[in-house]
Structures are given as structure tokens and as C-alpha cells.
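Numbered according to our numbering, the sequence shown spans residues -19 to 351.
Among the clues, some could well be false.
To be verified - No more than 25 Å apart at the CA atoms, straight line, and that leaves these computed lysine-lysine pairs for DSS-like:
#1 Lys26 with Lys6
#2 Lys27 with Lys6
#3 Lys137 with Lys68
#4 Lys313 with Lys6
#5 Lys68 with Lys315
#6 Lys243 with Lys345
#7 Lys313 with Lys68
What the hints assert, rightly or not - Restraint-style ranges between C-beta atoms, simulated for each label pair:
#8 Ile330 with Gly239: 29 to 35 Å
#9 Phe224 with Phe332: 25 to 31 Å
#10 Lys6 with Leu37: 23 to 29 Å
Since the hints were made in silico from the structure, they are not lab data.
Where is the CB? At the ideal position from N, CA and C, for every residue including glycine.
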Amino acid sequence: MHIILFLLMLSVLVFVHELGHFLLAKWNGIRVDSFAIGFPPTLWQKKVGETTYKINLLLFGGYVSIFGENPDDASLSGPDSNRSMVTKSWWRQITVLIAGIIFNMLFAWFLLVLTLWIGAPMSARDSVLPIRDPHMTILSVLPDSPAENAGLHMGDKIESIEFFSNNYTEGATRNIVINHPSDTDATITAIRNSDRIMMNVTSPHAVKSHDVEIIPTTGILDTGTGKAIGITLDVVGTARASFFQGITHGFMQTVYMTGGMAKGLWGLITGSLSVKYITGPVGLVGIVGAASSVGLVSVLMLMAMISINLAIINIIPFPALDGGRILFVIIEKIKGSRIPPAISNTVNMIGFGILMLLMLLVTVKDVVHLF
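Please work from the sequences and hints to get the whole structure.
Structure, rendered in C-alpha cells:
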């Protein structure tokens, strides 16, 4: 079930991305030969006008075949070359290439607006909207952490730790005390899907009797040893917005998420963030499953995050990505002549191969983690 939900989510996001390319190509008078969701083999296809629409078996992506996107003799000087992308002005080419990125961002905005209209989980610290039913909530659980081993999940509402009740009130200090002997587990009581569950969590070091502070960025931190049990916590309640509030706050959330993801990507590039945090399709299935167990709003928010992530990745100036193709167009504009098709096509093909290899490596990492 989780796999099906993940494939549906991915198919919708790819459809939105490719729809952007498709519509802007049509608007610019460029011929579109096919519009496909997924990769072959083909399950269904229908030709309408000049475009063949396809649904393929492997729902891990999709594509739009735009005439002249990969230049050849036919698109450069053939009888239909006036409808080729490569013969259009530089700015028209860029509008087509960047359209998928913009559509992903707009779709993420729409999803976040929708969650606010329905009633979205939001941090009591950051929300300017009224918060209902605030609880200390687990935002994430690190792989192979004591918290994961104990069975804690994203979305669990922490009711108490040991014998300290976590009754949150606005402005209350967020400190709790673990009072139990060394070398024993800490019992955490949580609410999951209206059910009360109790779990024993073993900290990385023997936890002695002293304060344990709840910190949004690091989870439950043993202040004596500086070790965490591997969860990210915050006080979260339900925020519901009016029509116009949803639009404005949804936009601000989109900007905030985009900045956070861009910062994370930069950390991966510079090496300040470990590659172990990269998740591929297999890992995303588990994340989608965790989100679906929380509810529809969590699924929509995760979908918005993935949509933003797709946009950020595609703007990177790397061959085969939209950003790489945009870079080629800018280079051609600056130098005043076309990059030889043999060079641009070969570079894009190599870039695509590298991306597929990276995807394979991340998938293998996710599979190994399962065992």
C-alpha cells in the first residue's frame, strides 16, 4: 500500500513538472512529439494531434519529447525546423526549460495552502495563527537511533517521559526530568492514532538523574553527556487558516521550506552534511508510510516537500538537468553561436548516466539499511 501511494505521489509530481514544459513549449509554438508518465515499457498511449500521450510501467519519472531539445539535422534545418526548440530565441528556450521548476514550486504552494485550509500541524513557536491542541510531537526519528529501535515514529505525541507529564501550556518552559537509576531504560508514553503506547528507550550512555532539555533541533538531549536518543521534537498543534490567510501563509511556508532544503543541498555539496542523510525511492516509501499513518495533511505536506526538492535539484546547472540545459542556452547567447550538437548531446547523455548511477547507489544504500 505504501509503495502504491509513493508511486501515485511521484507520478503526480512528475506530471506537474512535465506539464510545465509541455504547456510552455506549446505556448512558444514548439512541436511536442510525446508526453509520458513513467519510463517504458508502455502500458497505454493515444495520439492527439501531433502529440502522443503515454502511461508507462516504470513510474519513477516521466518525460516530454520536445522537438529540438536534443538538436539534430532535422531540428536545425529540416522542413519543420521553424517549430524546433533549438531555433527559437534564447529567452523562449529558457521559459520552456524553467517551466517545470516553476510548476513544481507553484504546486507545492498550492498543497501547503490546502493543508492550512484543512488544518495543518504547525509549531507553536513559529505560528502566527491560533494553535489548537498543542502537544510535544516527534518531527523525525534518526535511522538506527535508540528512539527508532524503541519503536517511536514521526508524528507520535509525547505524553510523558518517566513520571513527568508533558502538559504543554503557552509560554511554559520545555524541560523535563528523567528520574531513574543508571543503566536502565527511560519509559516514554506517546499517543499514536488516538492510542496510548509505552516504550522503553535506552540512551547512548547511562542516563543519570538530571535535567533533559527538549530542543527542536536536537530532540531529547542528555545534558550530562551531550548525547541524544535520536528524535527531533517540537510543540505542534493544529493551525487552520482563512482563505486569504492560507494563501499568504502557504507562500511563506513554501519560501521557508525552499530555503531549508537549499541549505541542506549546499551542505551535501560542501561536505558539511553527511551523505547518509540522502534518501532514494526505497527510503521514501518508508517516509510516505510514516506520513500516511499520521493523516492526509501529513501526506500533502510531504508531497509539497518532495515537489520543492524536485524543483531545487532540477535548477542545479548539471548536464541533463533543466539547470544544465539552461546553462548551455546562456553560454550560446554569450558566445553568439551554438554549441555543436554532438558535444551538447554527449555531455547531457553522460550527465544522465551519472545521475542514474547516483540513484542506483542511493537505492542500494536504502536497501542495505532495511536489513
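Here is how each hint holds up against the structure:
1. Lys26 with Lys6: It holds: about 18 Å lies between the C-alpha atoms, which stays within 25 Å.
2. Lys27 with Lys6: Cα-Cα ~16 Å, so holds.
3. Lys137 with Lys68: 55 Å, violated
4. Lys313 with Lys6: Roughly 23 Å separates the two Cα atoms, so the pair holds.
5. Lys68 with Lys315: 17 Å, holds
6. Lys243 with Lys345: 23 Å, holds
7. Lys313 with Lys68: 12 Å, holds
8. Ile330 with Gly239: 29 to 35 Å: The hint (29 to 35 Å, Cβ to Cβ) holds, given that isoleucine 330 and glycine 239 are roughly 31 Å apart.
9. Phe224 with Phe332: 25 to 31 Å: Taking Cβ atoms as reference, phenylalanine 224 and phenylalanine 332 lie about 43 Å apart, which means the hint is violated.
10. Lys6 with Leu37: 23 to 29 Å: The hint (23 to 29 Å, Cβ to Cβ) holds, given that lysine 6 and leucine 37 are roughly 27 Å apart.
In this structure, the hints that do not hold are numbers 3, 9, in rising order.
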